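K.L.:
All chains should be modelled from the sequences, with the hints used to inform the complete structure.
First to last, the sequence lines map onto chains X and Z.
When the count follows this note's numbering, it moves up by one through the first sequence with no breaks and lands on 113 for the last residue.
When the count follows this note's numbering, it moves up by one through the second sequence with no breaks and lands on 113 for the last residue.
There could be a bad hint or two in this list.
So the derived list for chain Z, only partly shown, Cβ under 8 Å to chain X, looks like this [unchecked claim]:
#1 Gly40
#2 Leu43
#3 Gly58
#4 Phe90
#5 Gly98
#6 Glu101
#7 Gln102
#8 Gly105
#9 Pro106
In case anyone wonders, no lab produced these hints; they're calculated from the structure.
Only a predicted model underlies this, so the values are computations on that prediction, with no experimental measurement involved.
Positions of the beta carbon are idealized from the N, C-alpha and C atoms, including for glycine.
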Amino acid sequence: QKEVEQDPGPLSVPEGAIVSLNCTYSNSAFQYFMWYRQYSRKGPELLMYTYSSGNKEDGRFTAQVDKSSKYISLFIRDSQPSDSATYLCAMRGPSQGAQKLVFGQGTRLTINP
Amino acid sequence: DAGITQSPRHKVTETGTPVTLRCHQTENHRYMYWYRQDPGHGLRLIHYSYGVKDTDKGEVSDGYSVSRSKTEDFLLTLESATSSQTSVYFCAISESAGGYEQYFGPGTRLTVT
Numbered sequence: 001q002k003e004v005e006q007d008p009g010p011l012s013v014p015e016g017a018i019v020s021l022n023c024t025y026s027n028s029a030f031q032y033f034m035w036y037r038q039y040s041r042k043g044p045e046l047l048m049y050t051y052s053s054g055n056k057e058d059g060r061f062t063a064q065v066d067k068s069s070k071y072i073s074l075f076i077r078d079s080q081p082s083d084s085a086t087y088l089c090a091m092r093g094p095s096q097g098a099q100k101l102v103f104g105q106g107t108r109l110t111i112n113p
Numbered sequence: 001d002a003g004i005t006q007s008p009r010h011k012v013t014e015t016g017t018p019v020t021l022r023c024h025q026t027e028n029h030r031y032m033y034w035y036r037q038d039p040g041h042g043l044r045l046i047h048y049s050y051g052v053k054d055t056d057k058g059e060v061s062d063g064y065s066v067s068r069s070k071t072e073d074f075l076l077t078l079e080s081a082t083s084s085q086t087s088v089y090f091c092a093i094s095e096s097a098g099g100y101e102q103y104f105g106p107g108t109r110l111t112v113t
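P.N.:
Below, the structure written as structure tokens:
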């Protein structure tokens, strides 16, 4: 079993819809949770990160962490065609000196005009 | 991709040949990483560096070596390339000891025939 599970999709929604992207994980030591966006043939770019549980909002994006369920989500409001990309979740634990992120395999998202 | 370049961007090589990929940063970040990205596996850490001449293994380090003689350069060498090393390779950098804010380069697409 992978430490981080992410549905690869593809996920296709109409423009303006609310998108929900999710990851589950098995390692209860994970404390930092990140979301990256990757356009085709480009490197991943960091969207946002959260520490421990709770919500974090940045414009149209909201990241949510539920540590009790080992489940994280990224919500995109008022989705735009420019949001079409692969979204990767990533996590790490508190170990000092080992800044190793564990990534999900990514969800491919298409926003249809 | 600001501040991070990778070279070459594309390479085709034959099985058994050595290959070196270069990552160059202008951000003066202490931490540098090499990942590979494959369908169904997401991003997997190969090696990382926490300072000049300080490196450590990641999840999939077999068949790879790294060197960092200057803050700005991190080299990944495939000692004897195999077809299973056909992949897209990404370099990432981080300023924070936590490593949760990693910034990725544009990637190198390597094909081993």
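K.L.:
Evaluate each hint against the coordinates.
P.N.:
Tested hints:
no. : hint   : result
1   : Gly40  : holds (6 Å)
2   : Leu43  : holds (4 Å)
3   : Gly58  : holds (6 Å)
4   : Phe90  : holds (6 Å)
5   : Gly98  : holds (6 Å)
6   : Glu101 : holds (6 Å)
7   : Gln102 : holds (7 Å)
8   : Gly105 : holds (5 Å)
9   : Pro106 : holds (5 Å)
When the structure is compared with the earlier hints, no violation turns up for any of them.
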